[in-house]
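Colleague: Chain residues, written in single-letter form:
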Amino acid sequence: MYKLLTHQWKEKIRSSFWQKNIILNIVLGILGLYLILNFIAVSFFADKILLDVFKDCDVIESFTRLLFYYLLFDLIARFFFQQLPTISIQPYLTLPIKKSTLIHYPIIKSVFSFFNLLAILLILPFFIKNIYLTQSFQFSLLWIVTVLSLIAGNNFLNFSLKKYFSRQALISLLFLSFVGLLIYLDIAKIISISEYFSAAIFYLVNTTTFIFVPALFAVISYYWAYTILKNNAYIEDSQKLTIKKSNGFSFLNNYGEIGQLIGVELKMILRNKRPRSLLYISGLFVLYGFMFYKNENLDNYIILSLSGLLLPAMFSTNYGQFLFSWESSFFDSYLTNKISHFNYIKSKHIFFSISSSIGFLLVLPYALISSKIAFINAAFLLYNIGISSIIMMFFCTFNTSYIDLGKSQFMNYQGTGITQFLVILPIIGFPILIYYLHIILGILPFYFYTIAVTGLIGIALNKYFLELIVSRFNYRKYKMAVGFRQK
Amino acid sequence: MIELINLQKVYGTQVALSIGKLEIAQNDFIGLVGNNGAGKTTMLSLILDLIKPTKGLVKSKSLNVSESDEWKNYTGSFLNEGFLIPFLSPIEFFEFIGSLHGKNSADIKDFLEENEQFFKQDAFSGKYIRELSAGNKNKIGILASFLSKPEILILDEPFSNLDPSSQSWLKSKLKALSNEGVTILISSHDLKHVTEVCNRILLLEDGHIVKDTNTSNETLIELEQYFDI
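The listed protein sequences correspond, in order, to chains G and A.
Residues 1 to 487 in the working numbering are what the first sequence spells out, letter by letter.
Residues 1 to 229 in the working numbering are what the second sequence spells out, letter by letter.
Keep in mind that the hints are not guaranteed to be accurate.
[What the hints assert, rightly or not] Subject to a maximum C-alpha distance of 30 Å in a straight line, what follows is the list of computed DSS-like cross-link-like pairs (lysine-lysine):
1. K162/G x K173/A
2. K487/G x K163/G
3. K173/A x K338/G
Treat the hints as calculated values from the structure; they're not laboratory data.
Chain G on its own, in the form it takes in the complex (with noise of 0.2 Å):
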């Protein structure tokens, strides 16, 4: 067991993403180690917060009240996010190895978890500070189990509910509902379930006659998880034989080369794991409008412009910064056949104003708060389809580095490299600085249509930008083919 874990641990740490690129490793460190201490922070703190929020309440009791949200949003991200170790086993099925070995592993595995780290730095500084130091040793202890013993069960749980969970959308929005139903529940004040939730941990910690009973949660969870591996630890049901919905896009034959290769685009984002959860992601993020869109904001050119920027183009954005490395699996099979690469570059860029278009109409209903947010966006749609586009699609000749589309998009930094960086400072840089401009020539009022009138303008040497690329592109393709084949 423990030469496995050293596999896994190696295979972390040899993979050829850390040796790429040093730098983004370097702002990749400090970043987690910032948020690391700001979730020791806010756990430190927490009584404080506590006291600030609920005024004179016992700080012990509220949160573990809050506990309840917390488990029952761990388990939601956990089940749609948290990538369950399964497949990793392959290799080892057929050395002598004890298969029950085998099994326990990935399970074992499961523990050493993003969404674990977070419970213990989230819960850990606040027990030291407020039970551990101030409560009876009996009490600490008993608490602390406890409440382990539920995150872990929900580390375990995750494995069940996925397996008969995640293949049907139905039952997943079902679930959501459920859980949205009981915080409804709770915060209406209809059924206090919060606070039934810490009644019982009380109990459980006072009386310890059932002190028992969190633990067994997370024994049986990790016993239905074990069962359920056991069951699926052979090769071919990992191959799961689906019925394939044929979304054929045929209307798009009707437009030739481009066409073709916007339907293999489209096919690439909806079958693949990581592309399509980018997708759904990016939906949700739309709802940041009702963050930047308050009536304080609404004369804040600066806010404005970000929102109309970024906002509707959250997709096209997102999922335009790793052109090129997405079809990094197949990419040779581009370089090969007849696709001239003109017309390549050219459905990029129609992919992505399609993309942000769509974007723009998605966060148009916006527009009831103030019409003036529908004439901004508008500007930016122009300047995002012939400026912004461009630039990322320059940028992305950069990318070199292998995308497996089947891993999960949650904290994935797998294609990340120097360009995701660099590309974000010209493409939020140039409208500011156009800005300022304005500022200080004093004509600020004509900034929204400086914006629409250069966005125009890059549409009209559309064709002369692409056929910039396309050179950059012939320029870099043995570059990035060789990276892409570094898987």
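With chain G's structure known, arrange chain A on it following the hints.
Modeller: Relative to chain G, chain A alone:
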């Protein structure tokens, strides 16, 4: 048809391929043999403009392959899985490749019926290419390379992972194409197969061509002796 002129590919200090001059005439049927690391795939990749030569150039019909895309019109190729689009079904893949050469779905249907002994499409309906076995992926790639009725055909180890019937089908298919005038370049580890179908054998060792000969009755024995340790 194809010319390799002073062609060299160097990785660091390692010379992967170094060929002074090689001409491939129209209707040659070349078998490329050599141990792992001898430079077979490097040579095929250079001809297909997939990697950049350190020195020298490849000409196809007198045009430099890295400067002109003309060769893509008449060259069919399959080197490895990177030539397949994993999330398409086999039919969709054939239709996509076919569309690039102006073929519609009816043409593809005829094409698949013609080659039904090699690729039984019913067995794969409802599956994406990524879910198929190595042998079946290989078959799809090979068939797709035939699709455009190419004048030049380049295949890297086409016989690997194929079942015996498919191997013999492929041999007769390649012979038939050769008889129609197609220029063919294949690499293989199976000396029997190449000496059986090819009319010219190129033997690579450490990136150099050490033998370039027309196939005769003795070729198989000579090659076996060469590779015998």
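Colleague: It remains to establish, for every hint, whether it holds in the given structure.
Modeller: Tested hints:
Taken as a hint, the K162/G and K173/A pair is broken in the structure, with Cα atoms around 48 Å apart against an allowance of 30 Å. Restraint check: the Cα-Cα separation between K487/G and K163/G comes to about 28 Å, which is no more than 30 Å; the hinted pair holds. About 23 Å separates the Cα atoms of K173/A and K338/G, which keeps this hinted pair within 30 Å; it holds.
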